[in-house]
Amino acid sequence: MEAKKHSKVVSYNKWGYIFLIPFFVVYLLFQFIPLVSTIWNSFFENYRSGLTQIGPNCVGRANYKTLFTNGDLLTYTKNTMIMWVIGFVPQIFFSLLLGAWFTDPSLRLKAQQFFKTVIYLPNLIMASAFSMLFFTLFADSGPVNSILVQAGILSEPFKFMANVTATRSLVGFMNFIMWFGNTTILLMAGMMGIDQSLFEAAEVDGATANQIFFRITLPLLRPILIYVLITSLIGGLQMFDVPQILTNGTGDPARSSMTLIMYLNRHLFSKNYGMGGALSVMLFIITGILSLIVFRFNSSSTKSKH
Amino acid sequence: MNENKTKGASVHARRAIAYIVLILLSFLCLIWFYILFINATRSHAELTKGFTPIPSTHLIDNWKNLLAGTLPVWNGMANSLLIAVLSAALCVYFSTMTAYAIHAYDFKFKKAIFTFILAIMMIPTQVTALGFLQLIGKMKLDDSFIPLIVPSIAAPVSFFYMKQYMESVLSLSLIEAARIDGAGEFRTFNSIVLPLMRPAISVQAIFTFVSSWNNYFIPALVLHTDKKKTLPVLIAQLRSADWLKFDMGQVYIMIAFSIFPVIVVYLLLSKNIVGGVTAGGVKE
Numbered sequence: 001m002e003a004k005k006h007s008k009v010v011s012y013n014k015w016g017y018i019f020l021i022p023f024f025v026v027y028l029l030f031q032f033i034p035l036v037s038t039i040w041n042s043f044f045e046n047y048r049s050g051l052t053q054i055g056p057n058c059v060g061r062a063n064y065k066t067l068f069t070n071g072d073l074l075t076y077t078k079n080t081m082i083m084w085v086i087g088f089v090p091q092i093f094f095s096l097l098l099g100a101w102f103t104d105p106s107l108r109l110k111a112q113q114f115f116k117t118v119i120y121l122p123n124l125i126m127a128s129a130f131s132m133l134f135f136t137l138f139a140d141s142g143p144v145n146s147i148l149v150q151a152g153i154l155s156e157p158f159k160f161m162a163n164v165t166a167t168r169s170l171v172g173f174m175n176f177i178m179w180f181g182n183t184t185i186l187l188m189a190g191m192m193g194i195d196q197s198l199f200e201a202a203e204v205d206g207a208t209a210n211q212i213f214f215r216i217t218l219p220l221l222r223p224i225l226i227y228v229l230i231t232s233l234i235g236g237l238q239m240f241d242v243p244q245i246l247t248n249g250t251g252d253p254a255r256s257s258m259t260l261i262m263y264l265n266r267h268l269f270s271k272n273y274g275m276g277g278a279l280s281v282m283l284f285i286i287t288g289i290l291s292l293i294v295f296r297f298n299s300s301s302t303k304s305k306h
Numbered sequence: 001m002n003e004n005k006t007k008g009a010s011v012h013a014r015r016a017i018a019y020i021v022l023i024l025l026s027f028l029c030l031i032w033f034y035i036l037f038i039n040a041t042r043s044h045a046e047l048t049k050g051f052t053p054i055p056s057t058h059l060i061d062n063w064k065n066l067l068a069g070t071l072p073v074w075n076g077m078a079n080s081l082l083i084a085v086l087s088a089a090l091c092v093y094f095s096t097m098t099a100y101a102i103h104a105y106d107f108k109f110k111k112a113i114f115t116f117i118l119a120i121m122m123i124p125t126q127v128t129a130l131g132f133l134q135l136i137g138k139m140k141l142d143d144s145f146i147p148l149i150v151p152s153i154a155a156p157v158s159f160f161y162m163k164q165y166m167e168s169v170l171s172l173s174l175i176e177a178a179r180i181d182g183a184g185e186f187r188t189f190n191s192i193v194l195p196l197m198r199p200a201i202s203v204q205a206i207f208t209f210v211s212s213w214n215n216y217f218i219p220a221l222v223l224h225t226d227k228k229k230t231l232p233v234l235i236a237q238l239r240s241a242d243w244l245k246f247d248m249g250q251v252y253i254m255i256a257f258s259i260f261p262v263i264v265v266y267l268l269l270s271k272n273i274v275g276g277v278t279a280g281g282v283k284e
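Top to bottom, those sequences are chains A and B.
Be aware that the first sequence starts at 1, since it is given in my numbering, and climbs by one per residue.
Be aware that the second sequence starts at 1, since it is given in my numbering, and climbs by one per residue.
These are calculated hints, taken from the structure and not from any lab test.
Fair warning: this is a prediction, and the values are worked out from it, not measured in the lab.
Don't take each hint at face value.
[Claimed, not checked] Below are the DSBU-like pairs computed for lysine-lysine, each with C-alpha atoms no more than 35 Å apart in a straight line:
no. : chain 1 : residue 1 : chain 2 : residue 2
1   : A       : K14       : B       : K111
2   : B       : K49       : B       : K64
3   : B       : K228      : B       : K64
4   : B       : K49       : A       : K65
5   : B       : K227      : B       : K111
6   : A       : K14       : A       : K271
7   : B       : K140      : B       : K227
8   : B       : K64       : A       : K271
9   : A       : K14       : B       : K138
10  : A       : K271      : B       : K49
11  : A       : K14       : B       : K64
12  : A       : K159      : B       : K64
13  : A       : K14       : A       : K159
14  : B       : K245      : A       : K159
15  : A       : K159      : B       : K271
16  : B       : K138      : B       : K245
17  : B       : K64       : B       : K245
18  : B       : K228      : B       : K271
19  : B       : K138      : A       : K65
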């Protein structure tokens with residue numbers, strides 16, 4: 001009887017493996033094998049020069065050497081980081097502010113659901129369509145310029161797309177608009193997880209709203225702030241749709257808004273698999289290190305739940 | 001007493017500031033869509049004259065012109081819809097199944113497998129895109145929808161969400177009871193586990209649908225035939241066309257056509273969506 005029961009449990013548990021099959025087959029086929037072959041490709045010379053196909057020839061680390069010495073990588077990393085920072089600074093500032101307001105019981109803000117719905121909305125909008133919209137709105141003869149000229153603020157249209165700071169700021173601004181609602185909601189969840197008695201005690205002791213925010217909320221929020229920072233950085237490194245559509249893939253003016261993934265996209269389109277592979281491996285290593293930090297955060301929070 | 005008064009006044013002042021900032025930010029979020037809507041109703045001639053905040057009467061003309069043009073917009077909509085619906089369906093079904101395997105069974109390497117899935121969660125698809133493109137080339141799946149749909153079966157983020165949700169709703173005694181009643185494991189999953197997971201499934205279905213609908217990077221590299229392209233790829237095509245010669249009314253209505261369906265769905269389901277954002281990533 002006992003033995004029979006035991007074997008039954010084992011036969012149930014084999015279903016654990018069976019139910020995992022679809023995930024792992026698809027993962028192996030569409031993510032793991034591509035990852036291995038991407039790494040493999042990075043050691044080969046394989047591109048088209050005019051009509052002649054060069055390679056594939058094994059060239060060792062030559063692609064990595066080119067990647068690091070021709071200067072493009074540095075420029076595009078700098079561009080990506082600048083545009084990420086332009087978007088991230090207002091994003092974290094307003095998210096903290098709104099999160100603190102929404103969770104502050106003494107403020108009793110009305111229409112919270114309405115505001116949350118509105119600020120989260122841009123996150124769901126197709127980034128490429130949103131970028132195309134900004135391109136038309138901020139074009140030399142677009143509505144923004146016509147409003148500014150009609151109002152007498154400008155005497156002639158300002159060429160947003162020809163100005164380095166303006167183009168980068170537009171990309172950063174779009175990222176800010178698209179992501180601050182999401183960040184607000186994440187931070188709110190963290191703020192609501194803080195023990196309410198701490199706030200009450202501080203209030204009894206006569207602490208001001210500012211003191212409560214800087215001395216209690218912010219320090220206790222640190223893990224979630226780190227999570228938000230790292231995930232946003234990973235997202236920032238993947239920045240593509242917005243600058244790609246805004247600049248039509250050129251990264252103009254003078255490639256100052258060309259991001260790392262736009263650079264990768266160029267190699268993929270021109271079928272330069274060697275350089276594309278080396279760039280992918282670099283991005284994989286950087287995002288891998290960053291996701292390790294997020295992973296440790298996730299697994300520790302899963303553990304603390306039990 | 002006096003102190004209470006000043007405190008009350010400061011709360012009022014803070015509340016006023018909060019409302020002003022919230023209204024300004026809401027304005028910043030919505031104004032673009034308002035301008036988009038206005039401009040979609042205006043003709044090219046009106047658009048070149050400058051901006052007015054009042055809608056015009058050419059919405060239907062613009063729409064007819066767009067349909068008569070070279071962009072296959074209906075195809076784009078149908079392709080986007082098909083890919084997004086199938087991706088969402090496959091993603092939620094198999095993510096729930098994967099989560100169930102980890103949640104309900106005990107087997108060797110279970111912990112290691114769980115850790116592995118968490119570890120690969122944040123790796124972006126872009127870094128494996130090169131190998132992915134070569135692979136689908138070899139599999140003769142280039143210019144097909146399959147490489148845009150099937151990979152959603154392995155979605156670590158949805159898996160993690162389902163696993164978290166399952167811990168709170170699915171007790172193992174319920175599964176035991178189903179076994180005693182003689183239900184097979186597969187049937188238990190389909191007829192007991194899936195219905196219980198409905199709230200989590202709808203949240204993940206919406207998120208997967210939206211991210212597939214908005215996806216641009218991979219479809220732009222996979223799809224080549226005009227009639228197979230999805231909306232984001234068509235938008236990019238519109239951008240790279242010589243747009244100065246374009247009828248701007250058409251450009252605006254094309255953007256509106258890609259954006260407004262999502263806005264409508266969002267407004268209908270916003271409660272679920274906003275509530276579902278946090279549950280996916282951060283757990284306190």
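Hints numbered earlier in the text: which of these fail when held up against the supplied structure? Of the numbered hints, 4, 5, 6, 8, 10, 11, 13, 15, 16 do not hold.
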